[in-house]
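Take the sequences, apply the hints, and build the full model.
So the sequences go chain by chain: X and V. Just so you know, we're using our numbering here: the first sequence kicks off at 1 and counts up by one. Just so you know, we're using our numbering here: the second sequence kicks off at 1 and counts up by one.
Calculated directly from the structure, the hints in this document are not laboratory data. Wrong hints could be hidden among the right ones.
Since copy identity is lost for identical chains, a pair holds within one copy or between any two.
[To be verified] Here are the simulated EDC-like cross-link-like pairs (lysine to aspartate or glutamate), alpha carbons at most 20 angstroms apart as the crow flies: (1) K13 <-> D27; (2) K180 <-> E157; (3) K13 <-> D3; (4) K13 <-> E24; (5) K134 <-> E263; (6) K134 <-> D27; (7) K4 <-> D27; (8) K13 <-> D129; (9) K315 <-> E210; (10) K31 <-> D129; (11) K31 <-> D81; (12) K66 <-> D81.
Protein chains: 2
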Amino acid sequence: MADKVLIYSRFPKSMMARFAERFELLDTGGKPAGEVFSADELGGVRAMLTAGGSPLGAEAMDLFPKLGAIVCYGTGYDGVDLKAAASRNIAVGHSPGANAASVADIAMTLMLATTRRILVADHYVRSGDWAASKPSPMMRPQAGMPGRRIGVYGMGEIGRKIAARCAAFESEVGYFSRSKYDLPYQYFPTLEALADWCSVLMVSVRAGAETQHVVNADILRRLGADGYLVNISRGSVIDERALVAALSDKTIAGAGLDVFETEPHAPGALTALPNVVFAPHIGGHTLESHVAMQACVLANLTAFFEGKPLPYAVKSA
Amino acid sequence: MADKVLIYSRFPKSMMARFAERFELLDTGGKPAGEVFSADELGGVRAMLTAGGSPLGAEAMDLFPKLGAIVCYGTGYDGVDLKAAASRNIAVGHSPGANAASVADIAMTLMLATTRRILVADHYVRSGDWAASKPSPMMRPQAGMPGRRIGVYGMGEIGRKIAARCAAFESEVGYFSRSKYDLPYQYFPTLEALADWCSVLMVSVRAGAETQHVVNADILRRLGADGYLVNISRGSVIDERALVAALSDKTIAGAGLDVFETEPHAPGALTALPNVVFAPHIGGHTLESHVAMQACVLANLTAFFEGKPLPYAVKSA
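Printed below as a string of structure tokens:
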């Protein structure tokens with residue numbers, strides 16, 4: 001009999017196909033597990049698969065008395081209460097680095113699309129305004145990449161890949177993170193100092209309680225009227241109301257956002273703005289990144305059911 | 001009395017401001033010079049400023065009996081009949097390399113925007129479809145950059161900058177050009193072989209009679225159903241009708257286009273397609289690139305009026 005794995009978050013069926021070959025999946029479709037399955041069924045669940053951003057606290061864990069492993073699809077695990085898991089002897093796993101290049105690439109895509117105004121450009125051509133020689137103030141020349149100061153907030157695997165890519169664009173790269181690393185980029189000891197210095201702030205920090213709303217009105221003011229914000233980490237890192245205000249009154253020039261405070265909802269006050277490029281949390285969403293993330297999930301689940309430690313365990317768990 | 005310079009193409013006034021400080025500008029606004037100025041005025045013209053893509057043949061040159069210098073704003077000079085200029089002792093100048101980074105960056109922007117489907121993504125968020133969990137076949141995972149094969153057609157300054165950027169994205173880079181260079185990228189002896197090999201074809205070749213419609217139906221078929229075409233060179237290099245057909249019947253997956261056969265017109269059959277990202281020839285359109293191009297124009301015009309050779313002369317002229 002196949003081992004059972006509860007699917008805690010809402011995932012497309014196509015993404016679950018590889019797991020269904022090896023395990024019996026109890027798929028909640030993102031609904032509360034208690035509404036979809038009987039207490040009896042939940043009582044037998046020993047492992048679950050979740051999206052790292054889905055809230056998963058002590059109360060939810062206690063619905064599954066035999067739960068021994070929470071496996072996150074992707075690198076993030078900010079929704080999982082790690083203390084609650086540890087105190088219940090539940091191992092927590094994820095897919096470290098598997099999607100780093102894919103996420104770094106969406107950061108670059110959003111930065112370039114925003115600073116070069118590619119949405120406006122595409123519309124200018126499609127609408128016929130270009131052919132009609134209709135002037136467009138939005139199409140005035142903008143600063144380009146050579147010599148541009150890119151500030152990377154968070155120097156994990158994703159941050160490093162963003163930095164390497166920006167350096168190839170002949171930009172200057174600076175960063176702020178808890179630790180200073182042996183890297184060929186200027187280190188800033190505070191996020192404030194980084195925001196004062198840079199014209200694009202790339203948010204690639206690991207999200208958690210200590211980074212909640214760290215990018216606030218003050219940081220955005222320091223980024224300044226020529227500044228752009230790109231967030232591919234988690235919506236929680238940014239004070240979204242302060243961001244809407246800063247974009248509306250031109251405190252900053254624009255933003256590229258793959259993540260939002262309450263996904264899949266992007267507030268209407270935000271989506272009405274012309275100086276933002278949006279993506280529906282597709283940072284890790286490439287074919288090779290899914291293959292790599294799925295390999296981590298399979299390795300974690302297989303090890304767990306064989307009674308071994310998770311090969312891709314969350315380190316701080 | 002300031003030296004007179006005829007402005008042959010249509011340029012925004014803001015771009016001409018630096019020149020107006022030094023020269024008396026006779027601005028045609030892109031209209032036929034004979035309609036805007038008297039034969040007497042044209043007879044006094046010794047230098048003109050043009051967009052390299054604007055057709056400028058023997059007949060047009062003969063409107064200006066005293067013409068001694070044609071200065072192109074930007075790197076391209078494909079519209080200028082170089083033989084006709086040479087036989088009339090007219091020097092031809094341009095701005096080599098001044099916009100190379102800016103153009104390479106729009107190539108990267110178009111490639112990323114197209115392959116990661118950023119227009120669809122932005123619309124998916126703004127429309128509320130994401131919040132409503134409405135499935136979108138266009139948002140399925142796509143191949144990313146690591147390991148992707150990027151084919152660069154033309155290894156001038158722009159091609160080299162594109163190649164260096166793509167390498168930072170962990171992609172494989174190959175190229176075809178008339179000459180093989182000492183570069184760390186795979187050389188292909190024909191465009192056909194490059195198109196067979198790559199999944200993104202970046203067109204960065206210098207345009208001219210010998211590259212007219214070189215990217216034709218056969219090349220697009222070789223690029224294949226997973227393939228993308230990015231053109232930041234000139235519209236003339238691509239058979240636009242063959243491209244519309246290839247995009248419509250999914251012979252190739254998509255395209256990113258900054259240039260078109262008959263600018264500023266992009267044919268309706270092209271602009272109706274969802275799998276293309278358009279830009280209105282803004283490759284060289286950044287602040288620092290304009291500053292650099294204007295410096296070349298000023299240096300060329302100043303030297304000419306001082307009776308010296310153009311410092312940025314077109315080499316084959």
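Comparing the hints with the structure gives:
no., hint, result
1, K13 <-> D27, "within (9 angstroms within a copy, 62 angstroms between copies)"
2, K180 <-> E157, "within (14 angstroms within a copy, 36 angstroms between copies)"
3, K13 <-> D3, "within (19 angstroms within a copy, 71 angstroms between copies)"
4, K13 <-> E24, "within (14 angstroms within a copy, 68 angstroms between copies)"
5, K134 <-> E263, "between (38 angstroms within a copy, 14 angstroms between copies)"
6, K134 <-> D27, "between (53 angstroms within a copy, 19 angstroms between copies)"
7, K4 <-> D27, "within (10 angstroms within a copy, 76 angstroms between copies)"
8, K13 <-> D129, "between (42 angstroms within a copy, 19 angstroms between copies)"
9, K315 <-> E210, "within (17 angstroms within a copy, 60 angstroms between copies)"
10, K31 <-> D129, "between (46 angstroms within a copy, 19 angstroms between copies)"
11, K31 <-> D81, "within (19 angstroms within a copy, 68 angstroms between copies)"
12, K66 <-> D81, "within (17 angstroms within a copy, 80 angstroms between copies)"
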